[in-house]
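Engineer: Residue numbers (the numbering used here), protein chains in the order written: chain A, 34 to 249; chain B, 34 to 249.
Incorrect hints may have been included.
Note that identical chains are pooled: a pair holds if it fits in a single copy or bridges any two copies.
[To be verified] Below, in silico cross-link-like pairs of lysine-lysine (DSSO-like), each with a Cα-Cα straight-line distance of 27 Å or less:
(1) Lys173 x Lys235
(2) Lys150 x Lys210
(3) Lys210 x Lys173
(4) Lys108 x Lys235
(5) Lys235 x Lys210
(6) Lys47 x Lys210
(7) Lys149 x Lys210
(8) Lys235 x Lys47
(9) Lys235 x Lys149
(10) Lys150 x Lys235
(11) Lys149 x Lys108
(12) Lys150 x Lys173
(13) Lys150 x Lys108
(14) Lys173 x Lys157
(15) Lys108 x Lys157
Simulated from the structure, these hints should not be mistaken for laboratory data.
Protein chains: 2
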Amino acid sequence: MTNIGTEEIYQLEKYYRVSLINSLIGYRALNLLGTSSADGITNLCLISSVFHLGANPPLIGLVLRPQREHNDTLKNIISTGQYTLNNVLPYWYMQAHQTSASYPSGVSEFDACGIKKQYIKDFKAPFVGQSTVRIGLEFKEVIDIEINGTSIVIGEVVHILAEDGLIGADGTIDHGKAETMTVAGLDTYYLPQPIGQLAYAKPGVEPHILKTDVEF
Amino acid sequence: MTNIGTEEIYQLEKYYRVSLINSLIGYRALNLLGTSSADGITNLCLISSVFHLGANPPLIGLVLRPQREHNDTLKNIISTGQYTLNNVLPYWYMQAHQTSASYPSGVSEFDACGIKKQYIKDFKAPFVGQSTVRIGLEFKEVIDIEINGTSIVIGEVVHILAEDGLIGADGTIDHGKAETMTVAGLDTYYLPQPIGQLAYAKPGVEPHILKTDVEF
Chain A
34 MTNIGTEEIY QLEKYYRVSL INSLIGYRAL NLLGTSSADG ITNLCLISSV
84 FHLGANPPLI GLVLRPQREH NDTLKNIIST GQYTLNNVLP YWYMQAHQTS
134 ASYPSGVSEF DACGIKKQYI KDFKAPFVGQ STVRIGLEFK EVIDIEINGT
184 SIVIGEVVHI LAEDGLIGAD GTIDHGKAET MTVAGLDTYY LPQPIGQLAY
234 AKPGVEPHIL KTDVEF
Chain B
34 MTNIGTEEIY QLEKYYRVSL INSLIGYRAL NLLGTSSADG ITNLCLISSV
84 FHLGANPPLI GLVLRPQREH NDTLKNIIST GQYTLNNVLP YWYMQAHQTS
134 ASYPSGVSEF DACGIKKQYI KDFKAPFVGQ STVRIGLEFK EVIDIEINGT
184 SIVIGEVVHI LAEDGLIGAD GTIDHGKAET MTVAGLDTYY LPQPIGQLAY
234 AKPGVEPHIL KTDVEF
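Please work from the sequences and hints to get the whole structure.
Structural biologist: Here's what the structure looks like:
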């Protein structure tokens, strides 16, 4: 077994350390984050630090690094109050990855990377046409994390756009059928295979697989 | 396409809404969170709201719901200053799921669910013996989220315990080889299959798959 302690972590070569720390927690939610500036220039970036904050009210959190060059995203979220999260599929995941390149300000990653914009009535932020699960969010608050200069953005879910047949009888989205991908570390993409949907856990009751309409 | 707006979200049946909102963002990092009380009673809970906060310093965030019955976790983290995150494997994922049952205070989920404790020198929080990737963390700060009463806990990575051969030449952990699982929604478990590790994205350069030592 390898045991890497604090002192060794700080002595690791910079890119090795970044890759290692980014891959520690396992697979991460992979989404394209879509925004628009007040004057209509769209922006799209790949994000893997999205987390579920609560279901009532329906809240989602994400981490942004304001010191990065393409920091239009945070500015757009705060100025327009709207943004979208969109899942990534295997047949176009390389285009999604390409949105993380540092394009000059004023260039939309939608156009540069061949990603289709999709709009709905009364909502200004662009969704991704190629996605099968898309979330429209309303900005609620930003928390500045002093310890490393990042920002946690909290938003409320105000639109759920899912292709037909993806939401199961119990409300769970079938991400297998949706062909949603995931990422481990900075750049390694995976497609998950379902193993089992388990019954609600109770003390003294053996854990067991539910009979569901999810196709395993 | 299904379009569910704010008004419909609030009208959904409670458990349907919880399942839907929990499954929106896609696959999530799945870990067992291990703690110990000041007087040595261990606690273990399954958590899927862990997120990468930054690599330098190496920081990880996670969301806890203090209003839940088994809220010993937050108390333990704050009183001892130490906790662990451990990946979940297919051959014992049902036992991991079972830790989410509401055991009475004083009962350790390690014992109740057949999870092995593992300790290292000078670190009081218990790791999971059956895991292949284990993280030891030092508590840094807790942020109370007023909007829904949750707490975001931030910790610094001080130990990385990985089985031999899982850390690649570039520092990325091979979660395929580690047999790390992921979860979508509350209770549907998946095992990801690798699709591709992509080169660093640059404007004007076609996205492409790296030749790596990751076995695809």
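Engineer: Tell me the numbers of any earlier hints that the structure contravenes, in ascending order.
Structural biologist: 1, 3 and 5
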